[in-house]
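K.L.:
Each chain, written out:
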Amino acid sequence: MNGQNLPGQPKSYKPVIVIIVIILLVVFLVLIMRACLRSRLNTPTNGPDTTAGGKPSGTGGAFPEMREKPKPSFQPYKGCPPEGDGGDRALNMLKNRVDEGNYIQVQFDAVEKLPWPTTVERKNRSSWSSNDASAIARYEGTPVTVEGYLADAREEGPETPNCHGADHDFHDFHIWLTQSAGDDRTNSIVIEMTPPVRSNHPNWTTKILRQIGRDQQRVRISGWLMLDPEHPDQVGKTRGTIWEIHPVMRVEVQQQGRWIPLDKMS
Amino acid sequence: MRKAIQLKVILWIEGEDEPAHDFAASTTQAVKEIVEAGSAKHPELKVTVKKITEQSG
Chain Z
1 MNGQNLPGQP KSYKPVIVII VIILLVVFLV LIMRACLRSR LNTPTNGPDT TAGGKPSGTG
61 GAFPEMREKP KPSFQPYKGC PPEGDGGDRA LNMLKNRVDE GNYIQVQFDA VEKLPWPTTV
121 ERKNRSSWSS NDASAIARYE GTPVTVEGYL ADAREEGPET PNCHGADHDF HDFHIWLTQS
181 AGDDRTNSIV IEMTPPVRSN HPNWTTKILR QIGRDQQRVR ISGWLMLDPE HPDQVGKTRG
241 TIWEIHPVMR VEVQQQGRWI PLDKMS
Chain V
267 MRKAIQLKVI LWIEGEDEPA HDFAASTTQA VKEIVEAGSA KHPELKVTVK KITEQSG
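So the sequence lines, in the order shown, correspond to chains Z and V. The opening residue of the first sequence carries number 1 in our numbering; numbering runs sequentially from there. The opening residue of the second sequence carries number 267 in our numbering; numbering runs sequentially from there.
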């Protein structure tokens, strides 16, 4: 019997082999599609284009999910360590990152409507549940570019991430980005310029930022998406979300159809 | 008549400290002690520090 084919045997195995081959092909195709999608989300965009009016890629307000986020990097700032001098040290480290990213252009709504679990509000990261931490980690740390208008810009006071430095060069700039010119802050996105980044951009001043806001010039903001759980009480009043672009790494202003870096404006 | 009042006081405190040292913790403790020491000047008032929180942006 060994090595002999029974009559009809090839016929009965043929359909099974065909089905296995089809299944393998489908699995292979699915794997290829997943790999393509993943590489698309992680592929650098070489920065936003320099012509104004480019259409954001996040269609329908969807926020792109980047599976592997760049690791933050830091530079010492006047003796203040990246974890600051107290409070939520993990949050402070996110605020004090200084690395540039390959920014993904997203619609204003995609950030403003991005949800968060309310159970993280007013809590240090170390006390978040693992489910909450995972939900935030899906989006936090994504390098984004968002377009809008500046409603206002204010210099903050001493804070833990900046080691409570009393001087101007230790203070954040708290800026409100709105979707349309002239909008109030109710649905704004808070964006923050931090001391370590500001130190490389002497032209970033609250005076210039306010002027840009008054002139209703469209801006393009690039930086890191971060959730600040400390101010949920402001939502619906002076901000639309506790998701922030923090720190801001680049600011460009639309002028005559071109995007001009704020560093080059006077 | 016995009266009571709840006051919110905003203090601005400056001082020299090591960059990474927890300034909020040390100043919070200092303010408690300052209030306690100052309340001795007014024995007719019973002063209780109920809460001290840092005001942040």
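Treat the hints loosely; a few may be bogus.
Each computed DSBU-like pair below joins lysine-lysine, with the alpha-carbon atoms no more than 30 Å apart [as the list claims (entries may be wrong)]: (1) V:316 - Z:123; (2) V:307 - V:317; (3) Z:69 - Z:14; (4) V:307 - Z:123.
Derived by calculation from the structure, the hints in this document are not laboratory data.
K.L.:
Work down the list of hints and note, for each, if the structure agrees.
P.N.:
Hints, verified against the model:
no.	hint	in the structure
1	V:316 - Z:123	holds (21 Å)
2	V:307 - V:317	holds (21 Å)
3	Z:69 - Z:14	violated (47 Å)
4	V:307 - Z:123	violated (39 Å)
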